[in-house]
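Chemist: Residue numbers (the numbering used here), protein chains in the order written: chain A, 1 to 150; chain B, 1 to 80.
For the record, the hints were derived by calculation from the structure and aren't laboratory data.
Note that CB positions come from ideal geometry on N, CA and C, so glycine has one too.
Be careful, since some hints might not be right.
Residues of chain B clear of chain A, computed beta-carbon distances all greater than 12 Å [claimed, not checked]:
1. Ile-2
2. Ala-10
3. Ile-11
4. Glu-21
5. Glu-57
6. Gly-68
7. Pro-76
Examples of chain A residues lying across from chain B (beta carbon under 8 Å, computed) [claimed, not checked]:
8. Pro-12
9. Trp-32
10. Gln-40
11. Leu-43
12. Glu-48
13. Ala-59
14. Arg-60
Chain residues, written in single-letter form:
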Amino acid sequence: MFRLTSAAIDDPALRRALVNSRAGACVTFEGWVRDRNEGQPVLALEYEAYAPLAEKEGARILAEAREKFALVGAAAVHRVGHLQLGEMAVWVGVTAEHRGAAFEACRYIIDEAKARVPIWKKEHYASGATAWINCATRGDHASGGAPAPS
Amino acid sequence: MIQLDVQYFAILREQRGLSAEKIATGAATPGALYDELRGRHGFTLTSDRVRAAVNDEFVAADAPLRDGDRIVFIPPVAGG
């Protein structure tokens, strides 16, 4: 299950939904809104998603993780809308019989999601400037084309 | 000419100044349509940095476009 939400991510509920007596390991990843990127103070973030395709591509990534690793369960949720510093932007949870598969699958899911799911991040800086991350072009140095945080 | 529904997100939405529009075009592929729209609206991203989706599925830049398709151009993503 890969979902988008405009409300705060309820990670305890997500974790409870993964509980399974076959699982001996649970690995979760939380991406948080950080106060700076590439040396620039960040005040807030905005995430925008192309929802139908984001949820489809996210579901494909979870299915790939289940094929590649010996998992019991896998789920991920990504926030959209305006987020404040310290808020959770993304949550990934994976269960497996053993920890190796759980660690690797969790890493796979967040890495693939960041690279493939149509979600965009706009940073609002203390200077008043804003930038869509990874969308800089020559002459537009606001974000420097930097990799996304978290 | 074919009629298409175009949806814009993120930097393209801001540069176009709207989220969606209906257009009539002679462009036969997403790549040709992006170049046409970029010429008209001054999008900063070049076509090699933008992916396309038709009817909520990724397609190649040279995929055929059909009358009534809903097309989305996808700037470099940055979730997480």
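Chemist: Could you run down the list of hints and mark each one as holding or not?
Modeler: Now the hints, each set against the structure:
Every C-beta of chain A lies more than 12 Å from that of Ile-2 (chain B), the closest at about 22 Å, which supports listing it as non-interface. With a least beta-carbon separation of about 4 Å from chain A, Ala-10 (chain B) fails to lie farther than 12 Å from that chain, contradicting its non-interface assignment. A Cβ of chain A approaches the Cβ of Ile-11 (chain B) within 12 Å, the least distance being about 4 Å, so the stated non-interface status is violated. Taking the minimum C-beta to C-beta distance to chain A, about 16 Å, the non-interface status of Glu-21 (chain B) holds against the 12 Å cut.
Not every Cβ of chain A is farther than 12 Å from the Cβ of Glu-57 (chain B); the closest lies at roughly 7 Å, contradicting the non-interface assignment. Even its closest Cβ contact with chain A, about 17 Å, leaves Gly-68 (chain B) beyond 12 Å, as expected for a residue assigned away from the interface. Separation of Pro-76 (chain B) from chain A is inadequate, the least Cβ-Cβ distance of about 4 Å not exceeding the 12 Å criterion. The interface hint given for Pro-12 (chain A) is violated, since its Cβ lies 21 Å from the closest Cβ of chain B, which is over the 8 Å cut-off.
Annotation: Trp-32 (chain A) was flagged as interfacial toward chain B, and the flag is violated, the nearest CB pair being 10 Å apart, outside 8 Å. Given hint, Gln-40 (chain A) at the interface with chain B, is violated; its Cβ is 15 Å from that chain's nearest Cβ, farther than 8 Å. With 8 Å as the threshold, the beta carbon of Leu-43 (chain A) stays out of range of chain B, its nearest partner Cβ sitting at about 17 Å, so the hint is violated. With 8 Å as the threshold, the beta carbon of Glu-48 (chain A) comes within range of chain B, its nearest partner Cβ sitting at about 5 Å, so the hint holds.
Restraint check, Ala-59 (chain A) versus chain B: the minimum CB separation of about 13 Å is more than 8 Å; hint violated. A distance limit of 8 Å between C-beta atoms decides the matter here; for Arg-60 (chain A) the minimum to chain B is near 10 Å, and the interface restraint is violated.
Hint violations for this structure: numbers 2, 3, 5, 7, 8, 9, 10, 11, 13, 14, all remaining hints satisfied.
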